[in-house]
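> First to last, the protein sequences are chains A and B. Last residue of the first sequence: 633 (our numbering), numbering continuous. Last residue of the second sequence: 633 (our numbering), numbering continuous.
Check the hints yourself; a few may be wrong.
Copies of the same chain look alike in the list, so a pair counts if it fits in one copy or across any two.
[To be verified] Straight-line alpha carbon distances no greater than 27 Å define the calculated DSS-like cross-link-like pairs of lysine-lysine that follow:
1. Lys417 with Lys527
2. Lys388 with Lys417
3. Lys203 with Lys189
4. Lys451 with Lys389
5. Lys389 with Lys417
6. Lys277 with Lys493
7. Lys471 with Lys388
8. Lys389 with Lys275
9. Lys348 with Lys313
10. Lys523 with Lys417
11. Lys471 with Lys493
12. Lys388 with Lys469
13. Lys186 with Lys257
14. Lys554 with Lys186
15. Lys389 with Lys469
16. Lys388 with Lys277
Worth flagging that the hints you see were computed from the coordinates, not collected in a lab.
2 protein chains.
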Amino acid sequence: MEKVIKYIEEHQQEYIELLKKFCSQPSVSAQNWGIQEMVQLVRDTLDGLGVNTERLETDGYPIIYGELGNNKKKTLTFYNHYDVQPPEPLEKWKTEPFTPTIIDGRIYARGVADNKGSFLSRVCAVDAYKKIYGELPVNIKFITEGEEEVGSVHLDEFRIKYPEKLATNGIVWEGGSKDINRGPLQITLGYKGLCYIELRCQGAKKDLHSMNAAVVINPAWRLIWALSTMKNEKDFITIDNFYDDVIRPTKEDMHYLDCFNYDEERIKSSVGINSFINNLEGTELKEKYLYQPTCNIAGFETGYTGEGAKTVLPSYAFCKMDLRLVEGQDAEETVDLIRKHLDKRGFTDIEVVMLSGKNPYRTDASSAIVKASLESAEEIYGMKPSIYRNAAGTTAMGTFCGPTGIPAVSFGIDHAESNIHAPNENIYLEDYINGIKMTALVINKFSIYE
Amino acid sequence: MEKVIKYIEEHQQEYIELLKKFCSQPSVSAQNWGIQEMVQLVRDTLDGLGVNTERLETDGYPIIYGELGNNKKKTLTFYNHYDVQPPEPLEKWKTEPFTPTIIDGRIYARGVADNKGSFLSRVCAVDAYKKIYGELPVNIKFITEGEEEVGSVHLDEFRIKYPEKLATNGIVWEGGSKDINRGPLQITLGYKGLCYIELRCQGAKKDLHSMNAAVVINPAWRLIWALSTMKNEKDFITIDNFYDDVIRPTKEDMHYLDCFNYDEERIKSSVGINSFINNLEGTELKEKYLYQPTCNIAGFETGYTGEGAKTVLPSYAFCKMDLRLVEGQDAEETVDLIRKHLDKRGFTDIEVVMLSGKNPYRTDASSAIVKASLESAEEIYGMKPSIYRNAAGTTAMGTFCGPTGIPAVSFGIDHAESNIHAPNENIYLEDYINGIKMTALVINKFSIYE
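Construct all of the structure, not just a fragment, from the sequences and the given hints.
Structure (structure tokens):
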């Protein structure tokens, strides 16, 4: 593999130019901006590698599917997306969002981290491999969608419609970064699920003068009383039966926590807090962060929220909640539990509406793609990776890989201050080049391991 | 008094024209619109009655103070305001807000109910009285401020600065209407107080990705836990010591409830509810409505409240609350109780900010102005009035009359669908003319009673 690594180093300028080209092309799915041009660029680039691409239409934006080779024993799939977040607020950018600009070893552009840099690290690895060996030791599949930033709304359709395109021995998922100290590479072997709901309560048919509060029900109070039965001050979730299906962390899971870096002091200072919930620290903190479900209030609104004092009895109150689910839990079942919990306590007047549901997923840690990734990371970066047995966040990996159990890992080229979804999105050029090397090595090791 | 009543009937067109003139002149304190012109109109009108007026400057808009006669044994004061609410939303008006328009026996205009109609009912009563008898049986004082709609911010200053102008034997306060069936006249002998606060809680220094919810405190949850200790599902206020100073209703107070009309079915249908809090009805319902304090959530906001699912851990949450206080309670002491209650439960991270405080007030029910008003109402309207021993709402009457204990009553010319503070504000012309007669009779009876 030394030759491949050397080739990547010698051609890094070419690979950086390709990244700049991709980042110069807007592809904002939420604003239908530049999508068709981006699709063409993705196809042209993959075609240039010798990949056999297809444009799979959906009701939204197409999925670009591609295959390279079909005569090898094993297949490796790269999942990525070609769409990016809107660049707004524009006034907060130091550079033009779609004019990739290199400053002090970093390249700034919308989408450079999420996830054009990651996508091209896969593309360039394949390119370098081919340039040296003429062919790859595994079959390669590319699944590149254009709706990740708007909820991957047609990815399930793809999974169901094209079982033969789905078939693979392992997936390298998008995303992944270095930790807050730009220390070891983070490798993610799964994600929490997400159950996003709205609780809604209607009182009188219109807002009333608050003198009526003595006799007319206030839907905000109804929500507050209901919510106060769902989690207590110890941050323990008190929804009936909520933890019943949670699979407790195994010894092996706890061992992974030792391989996971979490710089408490730096995070507290960055976030502006004095302590974590329940004053947790060390392993207990990491265990709660990664292995415990959450019950978060993402938004709450009722009545008058402007300046000063308006004496109003609100007619309507709603609350947005996101519950991150861990292994064993199910998004739809969670909604059922909440409905039953509320009904049992007389809160039948509170409507529960599910806005989004994704199940948690953990890949088989003994699979070839996991072993290949962990070893490659140590070789390329010169230190052991920081392992998330599952990440605290959520991606479509769960719904995509869960039903078939395809092993999947996520690693990438961004860092803790990449400003993903925010102004001044950036990556280090060094991380990009290392990401290409990393991917090349993973391909090699994956082809060897059982 | 028959002659005075007859004079009023014969000159009703003239009095209606005066009302139209007043309502044609905008006087929006919140928008500093037309105030100086209105001040001049008020002074000219009072001067025309022979009232000796003074323009008392404040840091805001002037108070027009006037005296008529000073040689009588007793003095009666009329409190009113010349400012009105903004007319917005304009598109909801069926007529021009400052073009008074008569449709089906009602006159529509901003301020016609609140409170130019009431003010002129006092003015025209004095006029008719003078026209018949040449002079009045009591000294009359007019206190007419221009900041009622923005919180009567300089009324306390007036009270403290001009004790000789304050001196009187009784006040007829602004406001007052017929009930929802346009049945008996409502006469109000006091008001609840108001303690308006904001609870504020700061978490992280900026909104975070909600994956952090497992370890970083959510200020919305802090507020919800705190609020859930302040009132229970039976609508009982559980702030420590909150009820300690409440003076329980006396037998006499309970008797007044029999004289207070509350059409439950009509109110439920108008408001769009199936039942009142705790399924209360009858005397229990009326008792809670008028004699119990409230703890209302007027507004609550945190995090993301737009469309769809945004997974955010909010950094800040706040809640607006208004607590209506009953006899014995004090607005500032209530804030202290809340602070102590929260501290005792560890909610030292929640800030309590008082935005407004008005104490409750009940006038001496045996005073001359009360007796005169109750009797006059029965004579003019042909049925016993509906008596609020104290109203469920709040006016400045408490802070204004409380410190000196001046007896005060409130009755007026609006009705339950007058749309006060809303588009299409209106009164019945019949109610306006009756209001003039009522005021004239009150002046007469007040001069007789001890």
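> None of the hints should be skipped; say for each whether it holds.
Right, here's what the structure says about each hint:
1. Both within a single protomer and between protomers do Lys417 and Lys527 lie at most 27 Å apart by alpha-carbon distance, with minima of 23 Å and 17 Å respectively.
2. Only between protomers do Lys388 and Lys417 lie at most 27 Å apart by alpha-carbon distance; the minimum there is 22 Å, versus 37 Å within a single protomer.
3. In this homomeric assembly, Lys203 and Lys189 come within 27 Å of each other (Cα to Cα) only inside a single copy, at 22 Å, whereas the closest approach across copies is 91 Å.
4. In this assembly of identical chains, the alpha carbons of Lys451 and Lys389 lie at most 27 Å apart only when taken from different copies (12 Å versus 43 Å within one copy).
5. Within a single copy, Lys389 and Lys417 get their C-alpha atoms only as close as 37 Å, which misses the 27 Å cut-off; across copies the closest is 23 Å, which meets it.
6. For the homomeric pair Lys277 and Lys493, the shortest alpha-carbon distance between copies (26 Å) is at most 27 Å, but the shortest distance inside one copy (40 Å) is not.
7. Taking the closest pair of Cα atoms, Lys471 and Lys388 come within 27 Å of each other only across two copies (22 Å); inside a single copy the shortest separation is 42 Å, beyond that limit.
8. Taking identical chains as interchangeable, the C-alpha atoms of Lys389 and Lys275 lie at most 27 Å apart only when they sit on different chains, with a minimum of 16 Å there against 39 Å within one chain.
9. In this homomeric assembly, Lys348 and Lys313 come within 27 Å of each other (Cα to Cα) only inside a single copy, at 22 Å, whereas the closest approach across copies is 98 Å.
10. For the homomeric pair Lys523 and Lys417, the shortest alpha-carbon distances inside one copy (23 Å) and between copies (22 Å) are both at most 27 Å.
11. Proximity of Lys471 and Lys493 under a CA criterion of 27 Å is satisfied inter-copy only: 22 Å between copies versus 41 Å inside one chain copy.
12. With identical chains, the CA atoms of Lys388 and Lys469 are at most 27 Å apart between copies only, with a shortest distance of 22 Å across copies and 47 Å within one.
13. With identical chains, the CA atoms of Lys186 and Lys257 are at most 27 Å apart within one copy only, with a shortest distance of 23 Å there and 109 Å across copies.
14. In this homomeric assembly, Lys554 and Lys186 come within 27 Å of each other (Cα to Cα) only inside a single copy, at 22 Å, whereas the closest approach across copies is 106 Å.
15. Proximity of Lys389 and Lys469 under a CA criterion of 27 Å is satisfied inter-copy only: 22 Å between copies versus 47 Å inside one chain copy.
16. When the C-alpha separation of Lys388 and Lys277 is checked against a cutoff of 27 Å, the pair qualifies only between copies, where the shortest distance is 22 Å, while the shortest distance within a copy is 48 Å.
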